[in-house]
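Trainee: So the chains spell out like this:
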Amino acid sequence: GESVGLHLPTLSVQEGDNSIINCAYSNSASDYFIWYKQESGKGPQFIIDIRSNMDKRQGQRVTVLLNKTVKHLSLQIAATQPGDSAVYFCAVTFSGGYNKLIFGAGTRLAVHP
Amino acid sequence: GAVVSQHPSRVICKSGTSVKIECRSLDFQATTMFWYRQFPKQSLMLMATSNEGSKATYEQGVEKDKFLINHASLTLSTLTVTSAHPEDSSFYICSAPPMGYGYTFGSGTRLTVV
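These protein sequence lines are chains A and B, in that order.
The first sequence begins at 5 in the working numbering and counts up one residue at a time.
The second sequence begins at 9 in the working numbering and counts up one residue at a time.
Check before you lean on any hint, since a few could be wrong.
As the list claims (entries may be wrong) - Below, simulated DSBU-like cross-link-like pairs (lysine-lysine); rule was C-alpha separation at most 35 Å, straight line: (1) K22/B / K104/A; (2) K75/A / K49/B; (3) K46/A / K49/B; (4) K72/A / K28/B; (5) K75/A / K28/B; (6) K72/B / K60/A.
Stated by the list, open to error - Simulated restraints, written as ranges between beta carbons of each label pair: (7) F36/B / E19/A: 27 to 33 Å; (8) T90/B / K72/A: 27 to 33 Å; (9) S26/B / Q85/A: 42 to 48 Å; (10) S91/B / A33/A: 34 to 40 Å; (11) T120/B / P117/A: 17 to 23 Å; (12) S26/B / P86/A: 38 to 44 Å; (13) K72/A / N78/B: 25 to 31 Å; (14) Q50/B / S30/A: 16 to 22 Å; (15) T90/B / Q49/A: 42 to 48 Å; (16) G20/A / S26/B: 48 to 54 Å; (17) T25/B / Q62/A: 48 to 54 Å; (18) Y102/A / Q50/B: 21 to 27 Å; (19) D35/B / T73/A: 24 to 30 Å; (20) Y102/A / S17/B: 25 to 31 Å.
Hints listed in this document are in silico derivations from the structure and should not be mistaken for laboratory results.
Note that this is a predicted model, so its numbers are computed, not measured.
Even for Gly, the Cβ is constructed at its ideal location relative to N, Cα and C.
Chain A extracted, bound-state conformation (with noise of 0.2 Å):
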């Protein structure tokens, strides 16, 4: 089965500065990532997301880099704000896996002015 972990459980940076976020998995066959944010006692928000074809994806001020040989993904948010403040959880589907999305960890990012 699939396993989605991440590397830090908590992340605080301050304010305006380039945040981090890091996740592994073990399924050679995932093939979707995405990436969601969560605020308390609400549902995931997606941020971005990137297939396996390819390595690197922007969005505004975020960035997903895969990196397919070590099964590892990133979220970089540059210039973090107070409101990035969440759980960031990376999530993963497969081939064959019927569209289940299976989710990391969770990381908590608190963001300090």
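Could you slot chain B onto chain A? The hints should help.
Mentor: Just chain B, lined up with the frame of chain A:
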């Protein structure tokens, strides 16, 4: 974009009673919906996949008779927690498969069993 509406947002019930949670796709049809459970400070754990017009597929370790899932139409999936106990208290979230990008999630239901 795709919108998934989940109700209720919060529910408190007595131990031994049943609670129904609804998940509706508002602007699209969903033949499949996913149900997750999330305990405090933990990740989302997939419970089951509901399939319109057929039986749900449950993940290993999830009790089928306790968590009844019905997907009677292309816009509505329901999760019923039967004979609820305090250990069933959790945050339940539904989602729909990708419509263009990402999976769309409902806003979640906070279930408290007293």
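Trainee: Would you mind marking each hint as holding or not holding in the structure?
Mentor: A quick look at each hint next to the structure:
Taking the CA atoms of K22/B and K104/A, the gap is near 32 Å; set against the 35 Å cutoff, the hint holds. In summary, the hint linking K75/A to K49/B is supported, as the alpha carbons are separated by about 25 Å, within the 35 Å threshold. Restraint check for K46/A and K49/B: satisfied, since their Cα atoms lie roughly 13 Å apart, inside the 35 Å limit. For the proposed pair K72/A and K28/B, the alpha carbon gap of about 41 Å is over 35 Å, so the pair is violated.
The hinted pair formed by K75/A and K28/B fails the criterion: a straight-line CA distance of about 39 Å is larger than 35 Å. Straight-line distance between C-alpha atoms of K72/B and K60/A comes to about 40 Å, which puts the hinted pair past the 35 Å bound. The supplied range of 27 to 33 Å is broken by F36/B and E19/A, whose beta-carbon atoms lie about 38 Å from each other. For the hinted restraint 27 to 33 Å between T90/B and K72/A, the CB-CB distance of approximately 43 Å leaves it violated.
With their beta carbons about 43 Å apart, S26/B and Q85/A fall inside the hinted range of 42 to 48 Å. About 38 Å separates the C-beta atoms of S91/B and A33/A, a value consistent with the hinted range of 34 to 40 Å. Between T120/B and P117/A the Cβ separation comes to about 34 Å, which falls outside the hinted range of 17 to 23 Å. In this structure, S26/B and P86/A meet the distance hint of 38 to 44 Å, their C-beta atoms being roughly 41 Å apart.
The hinted range of 25 to 31 Å is not satisfied by K72/A and N78/B, whose Cβ atoms lie roughly 39 Å apart. The hint said 16 to 22 Å for the Cβ distance between Q50/B and S30/A, and at roughly 19 Å that hint holds. Range check, T90/B to Q49/A: about 31 Å between beta-carbon atoms, so the 42 to 48 Å window is missed. Between G20/A and S26/B the C-beta distance comes to about 50 Å, which sits within the given range of 48 to 54 Å.
Between T25/B and Q62/A the beta carbon distance is about 49 Å. The supplied range of 48 to 54 Å therefore holds. Taken as a hint, the range 21 to 27 Å holds for the pair Y102/A and Q50/B, whose Cβ atoms sit roughly 23 Å apart. As the Cβ distance of D35/B to T73/A is approximately 40 Å, the hint placing it in 24 to 30 Å is violated. Distance hint check for Y102/A and S17/B: the Cβ-Cβ separation is about 28 Å, which falls inside the suggested range of 25 to 31 Å.
In summary, the structure is inconsistent with hints 4, 5, 6, 7, 8, 11, 13, 15, 19 from the numbered list given earlier, while agreeing with the others.
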